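Following the hints, put chain F in place on chain D, whose structure we already have.
For reference, the chains in residue letters:
There are 2 protein chains.
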Amino acid sequence: MLKIYGVYKSRATRPLWLAGELGLAFEHVPVLQARKLDDPLAGDAQINTRTPAFLELCPMGVIPAIEDDGLVLFESMAINLYLAKKHGGPLAPTDLREDALMTQWSFFGATEIETNALKISSAAAEGRLESSRDEVEAAARLLKRPFAVLERHFADNDYLVGGRFTVADINLAEIVRYAQAYTPLFDAHPKLKAWLARCQSRAAFKAMWERRLSEPTP
Amino acid sequence: MLKIYGVYKSRATRPLWLAGELGLAFEHVPVLQARKLDDPLAGDAQINTRTPAFLELCPMGVIPAIEDDGLVLFESMAINLYLAKKHGGPLAPTDLREDALMTQWSFFGATEIETNALKISSAAAEGRLESSRDEVEAAARLLKRPFAVLERHFADNDYLVGGRFTVADINLAEIVRYAQAYTPLFDAHPKLKAWLARCQSRAAFKAMWERRLSEPTP
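Just so you know, the protein sequences line up as chains D and F, in that order.
Sequential numbering of the first sequence, starting at 1, is according to UniProt numbering.
Sequential numbering of the second sequence, starting at 1, is according to UniProt numbering.
So that you can see chain D by itself, here it is in the shape it has in the complex:
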């Protein structure tokens, strides 16, 4: 059976949401980020990203990772593209062009958005959106260009690829979400904001989010 390694409060949300969309049976192994070893979850989780057993499986020591019929994969975007293509259906590419575009948007999120969006997410999680205003606004400024590209795309399209909700939307929405606490950025990009709301209104996102919220927090 598919195993998904990584607590809900990590990038493991990406394959966990996708697995819900696809209705996949899977075993969830709540591996913790090593830097969160003082997390109340640590006792239950047993393993973290620096545990020898996990490093044997995934030498990079990162979550999420998956094990699927003997294939071990890490890098959340690659995991999701693989699972979508393996199981087919509307979330998967129908041809090589869609595959290329879904891969493009996944790289776009990882390389053009994630670093700056994470600065906003960290500030929000630590209650310092106000006290770290300069840092947050600098990150938001750097997000204007990729967000403008998306705003333009969503002016003509409801979704990223093929006119339907796909794995590309999951991959990008989970990255764009990191910036969500800084509302001026989304008010300035209403089409992008509406797309994110469409993605997050899906039953599988909500079910994943519920489980995330019920996970113990540090």
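Just so you know, the hints here were simulated from the structure itself, not pulled from any lab data.
Computed from a predicted model, the values in this text were never measured in an experiment.
There could be a bad hint or two in this list.
Treat identical chains as interchangeable: a pair holds within one or across any two.
[What the hints assert, rightly or not] With a cut-off of at most 20 Å between alpha-carbon atoms, the simulated EDC-like pairs for lysine to aspartate or glutamate come out as follows:
id : residue 1 : residue 2
1  : 144       : 56
2  : 85        : 95
3  : 86        : 98
4  : 85        : 98
5  : 9         : 95
6  : 193       : 158
Frame of chain D; chain F shown alone:
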């Protein structure tokens, strides 16, 4: 005909190398990075990443981009995975598992290596490997973990996926190359160093590199 946008002194080396490996006929459009507008090439290049004609094609204003039978793609890793899969042969994945692993290693390069490797590359290009020693060593320290993962992989494998040279090797080698000027890092990872030398000994890499060297420099 396939068009590849981007000067040789940019991430366009990635699709340009791949196109050489595949023996593809293509038109090269030497679009410049906008920040290099004072580059001597600018007169010949005509267009740069902020030229309206290029932004119309690629709203993100980044190179490389390609146009292939009406498909416009950006993000170099996605471009290369697409071109390899389209043209098949030994560089392309033979099945979904290989596809997943090639995609994984491409994301691994982009997310775990590129940012720090670029710091070394910039310092070397600006002749400040010595004067920026603290910055370079800090970047090198952050590369130890991903490089250790690769060292372990290349202890048992000549290449990243499937025991043969593939698009994954091109994608990762072009990122690892950014750190190449800091030799202690490679001396400490001899298997990785040997893999990079294997990749760079290929005729298509050398031909691409020759063209890059003959491009006017700022």
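Hint numbers contradicted by this structure: Of the numbered hints given earlier, the structure breaks just one, which is hint 5.
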